[in-house]
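Number of protein chains: 4
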Amino acid sequence: MIITLKKNAPKHDVDKLIDKFEGMNLHVTMIQGDNYNVFGLVGDTSVVDEKSVMANPIVYNVQRVAQPYKLANRMFHPEDTIVDVNGIQIGGKKIAMIAGPCSVEGEDQICRIAKEVKAAGADMLRGGAYKPRTSPYAFQGMGTAGIMAMVKAREETGLPIVSELMSAEHLDEFVENVDIIQIGARNMQNFDLLKAVGKTKKPILLKRGMSATIQEWIMAAEYIMSEGNPNVIFCERGIRTFETYTRNTLDLSVVPIIKERTHLPIIIDPSHAAGDYKLIESLSLAAIAAGADGLIIEVHDDPEDAWSDGAQSLKPKRYAELVEKGKAIAKVIGREL
Amino acid sequence: MIITLKKNAPKHDVDKLIDKFEGMNLHVTMIQGDNYNVFGLVGDTSVVDEKSVMANPIVYNVQRVAQPYKLANRMFHPEDTIVDVNGIQIGGKKIAMIAGPCSVEGEDQICRIAKEVKAAGADMLRGGAYKPRTSPYAFQGMGTAGIMAMVKAREETGLPIVSELMSAEHLDEFVENVDIIQIGARNMQNFDLLKAVGKTKKPILLKRGMSATIQEWIMAAEYIMSEGNPNVIFCERGIRTFETYTRNTLDLSVVPIIKERTHLPIIIDPSHAAGDYKLIESLSLAAIAAGADGLIIEVHDDPEDAWSDGAQSLKPKRYAELVEKGKAIAKVIGREL
Amino acid sequence: MIITLKKNAPKHDVDKLIDKFEGMNLHVTMIQGDNYNVFGLVGDTSVVDEKSVMANPIVYNVQRVAQPYKLANRMFHPEDTIVDVNGIQIGGKKIAMIAGPCSVEGEDQICRIAKEVKAAGADMLRGGAYKPRTSPYAFQGMGTAGIMAMVKAREETGLPIVSELMSAEHLDEFVENVDIIQIGARNMQNFDLLKAVGKTKKPILLKRGMSATIQEWIMAAEYIMSEGNPNVIFCERGIRTFETYTRNTLDLSVVPIIKERTHLPIIIDPSHAAGDYKLIESLSLAAIAAGADGLIIEVHDDPEDAWSDGAQSLKPKRYAELVEKGKAIAKVIGREL
Amino acid sequence: MIITLKKNAPKHDVDKLIDKFEGMNLHVTMIQGDNYNVFGLVGDTSVVDEKSVMANPIVYNVQRVAQPYKLANRMFHPEDTIVDVNGIQIGGKKIAMIAGPCSVEGEDQICRIAKEVKAAGADMLRGGAYKPRTSPYAFQGMGTAGIMAMVKAREETGLPIVSELMSAEHLDEFVENVDIIQIGARNMQNFDLLKAVGKTKKPILLKRGMSATIQEWIMAAEYIMSEGNPNVIFCERGIRTFETYTRNTLDLSVVPIIKERTHLPIIIDPSHAAGDYKLIESLSLAAIAAGADGLIIEVHDDPEDAWSDGAQSLKPKRYAELVEKGKAIAKVIGREL
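Chains as they are written, first to last, in numbering that gives the first Met the number 0: chain A, 0 to 336; chain B, 0 to 336; chain C, 0 to 336; chain D, 0 to 336.
Note that these hints are calculated values from the structure, not bench results. Every clue listed holds true.
No copy is singled out in the list; a pair is fine if it fits within one copy or between any two copies.
Heads up, simulated DMTMM-like pairs for lysine to aspartate or glutamate below, C-alpha to C-alpha not over 20 Å straight-line:
hint	residue 1	residue 2
1	K117	E323
2	K117	D178
3	K316	D300
4	K258	E335
5	K198	E168
6	K330	E320
7	K258	D79
8	K50	D301
The whole structure should be built from the sequences, with the hints applied where relevant.
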């Protein structure tokens, strides 16, 4: 940790601060500058609260050198983590393709679409049973009936299923029935929910919060991991920016960054980022080329009558075309799909 | 609702869309343009999902005219809502002053600071017992012991108490002990939590999400109100922007906007917005001048040793000076403090 | 143009507004809603200033239906524009590869790097002679000597040259010597400069402003085109967001959007977006897969001693590897490189 | 400057880097950490390019301690700068009130409005003669005729005049006729224009760029000052954020920050930030309470027929009311208006 002091800080106050740090078993090195003096603290600086240090009137700036995450940090875990989902691996050579409707609308609908996306090349099925909707007056999801309809679709197709958990109240239902538990963007810093899923061993798909920095996102993974669950899969779904043409701005630079900083897999959700089916193919192929470990894409066979997010859903035929092109791109970069 | 169709949309498809809307009991008016045709839909358009309409390939654009909120909407409730908190009113002539430490650190600490902020002019006491921290390794709050320490501080000073609820699991504890339940920025779209506090009658301090639009924020209030709880107080605490000098960017334009669009009170939290005690006085006086109904400010008597957020905490003496200036400004705009 | 009036707008004022629009030769259709009334204006609405309409107290909202750009609009020019740069085409089947150092540092340096990037597969040479630097104390570019060094590099390699023009004062020098004139992000709305380059026939590389919406960017192209120069090439170089890990956030969704909305080519600059050489390959391959018409990449043979932007420069060898992979991806999507 | 090296950087490369810095007459202190090693550089680090250092593969991070600005830096110039504009002072006890229409529309209009704003309490007159418009098809300003109409208004009222310069081409006209030269948000990093106005002694009103950080804004002032012109007045006019309800988000925290970091005056433009006349009074009073040195507000006597920006213009009567309230708030914080 590097602490910059203000010019002309009284010697008495500087000494007091040094004593305080040494009392925390930290080693202090001082660099005398022309207008500022700088402390370097060596040791376990995780015990130091940066904001309390900043509260000291002689302090000008505080900067952490070490990353605040440990379990997710590639520095301490150099090899890639591969998350196993009922035999399908995320983070290995093969790129995982997850597809399905935004909302489960009934058993027929989800079973029908499951077969279609499987035929088109999907490895897993997505579908929302509990829906985070901006309006309390909008369809809030089928709940348990939706989860059970997905279970039926899994029985009929063999595809593992992914669904979003919005409240710890339904955790048991998800642990029992679902193969990947999704934590949505709006709950990325719902720390109680993170701790709850951290106590399971289920694979967790952790979506990036709409305005979460990469570091905050990794810290959310760290919350899950610190409770004992190492099976975290990052999912970028666009960040909120000033641009309103797209629903969100897909940030593909996170693919190489997450891989450099952590050992965990990362997949891309182009559907929520773009909010427009016409952009999905471009962004999906880009994600594969960038090195993503998977894609989660909304597919519906009747988008105009979908109960939610129709505008961003691909029809199965277009999805199948995308998968074909994706395969060719995966091969170029030494992967499979 | 205004729907713009693409040029040269096939007549057959246009007619089919008109039929669909008329089947929803909506009246359709058509405006023929040179390059686009426009539908106006009149009636209860809350039954129409914009994104499904957008999924129709002949549709170019969809725009809602009416606001999607009803209970919070000033159009249907012209007079101001005043929220009563144990006899202290928020939203009336008097500006409510809430102060206290970021975290409760013990009974002595919170009782001592409670007395100091009361002496300085505060009307209510804030203090965090359950803390949303970016890191799982940071102090997570005293929990129940912290809530009980605040109850003790209320007994000793008479100040109503405000604290943040992070999970519905602790709702009973909060309903029983706390005077205002705070929903933090990170949980503004934790819809299950919003529904849970909506089932109580407690005043709810609803912080704006870090990247929430004004409309999303009002919709979060609508979630609470639609469950039966009309006692919502908005709290602006800064939004996330590209600027990193301040922790967040305080958006004071929300004060007149929330008052124009809704009938609910709005207070300002300059401490979390600025993240720096040196900026608090300026921003607090600005908030009063802008017409805010209250201020919630972090005050600590030993910021350098605070367990969290020391850098943004005022000492009681500086808080007292701020209250004095605030009184004079309140008078200028016809209010009290 | 769609104008929403407030509820209970006085009939007299509504009639006055209708008269005003009819006086502008616009046809007015009215849709009566429950809480709002809506006008549709048909005709040449480019004569109507939205903000003046909004100034009318009976008006609630104004929305343009037609895009404000004409010359750049694909609606009126369906076929792709291909810009010819000394025989090299941008916007056709072949993806254009532009490479070179951030700053020209001397004739030897630029000639040497020109040969290296040519050998690695580049089609054109970039190099800054006039540099927009945040600090007045930083190296400001070699100026005319830098341009002449680039001319020399062109003579030696045959590569067309691209350089940034910062002021109309140097326009003649650029028209005479440079093959593509670059307008930098900071000058995207320097309207006098746009008009000046619009009076030439030179190809213009128009970088997106750091916080420019897609529409503002297209309008900047419209400024150039409206002066008579149709040779505009868009260049995305990252937008400013809350994320600070990367210098800017590369927005690849603009590739399909620009191609849908306009008929002009679009290329990608991953170097300025990422600010970190380690991210360039991922983002470059993603850009090709997304459908970009070209890439402009910073390459330097001694990044640690570069006079500017060393951290984001690739060494020639890594650039050559990138080109090889890019070729394979281009083939997958039916293009060449 | 603090440089963090990667763990296990080869000793040979570390020594080479130390030699390089010592060759620049910098003193190097090293702090050995567990996972990182840190260099502190002492001396004139303005000669070091951060991005070149970052290009070295053994370097993990680089941080400047000293601010990169000198002339604007309060550290080296502790007393407030007061800019004199024809006898009216900006930055002293009195808060400067600048008002007038967005665009000059003719001599009658500007003279009439000048008298109205003077009667209402304004100290100076604003008016645009050269207009930066998003669309090439919108009114671009009256040009020289507009400037001469403002000169006439000054003759009739005695109010100094403020107008925006968009190109160095018109600099002589502005130096001769205008009292304050405004540099607009879109040109804040048009470095050639900054250098040009830096060569005059005219007061410069430097608007903050739409997505400029505070540091970039101060560096733009430094550009002007480094050419010899110390008369820079900062003007905050809102920044671009995700929120679209307002045109931009007014960032009032810059008032105390600019005053802490620099010695220059800062004024606020609530009109362009809000884009809506209904928000102007709240934001103006807030700006005064926050400590701003002045306000620049758009006033028009017929906003519905204004040639630009009608929606955000106050009528003179409302402006006069605002001035009255502003006077009372100024008094509270020990200032005048």
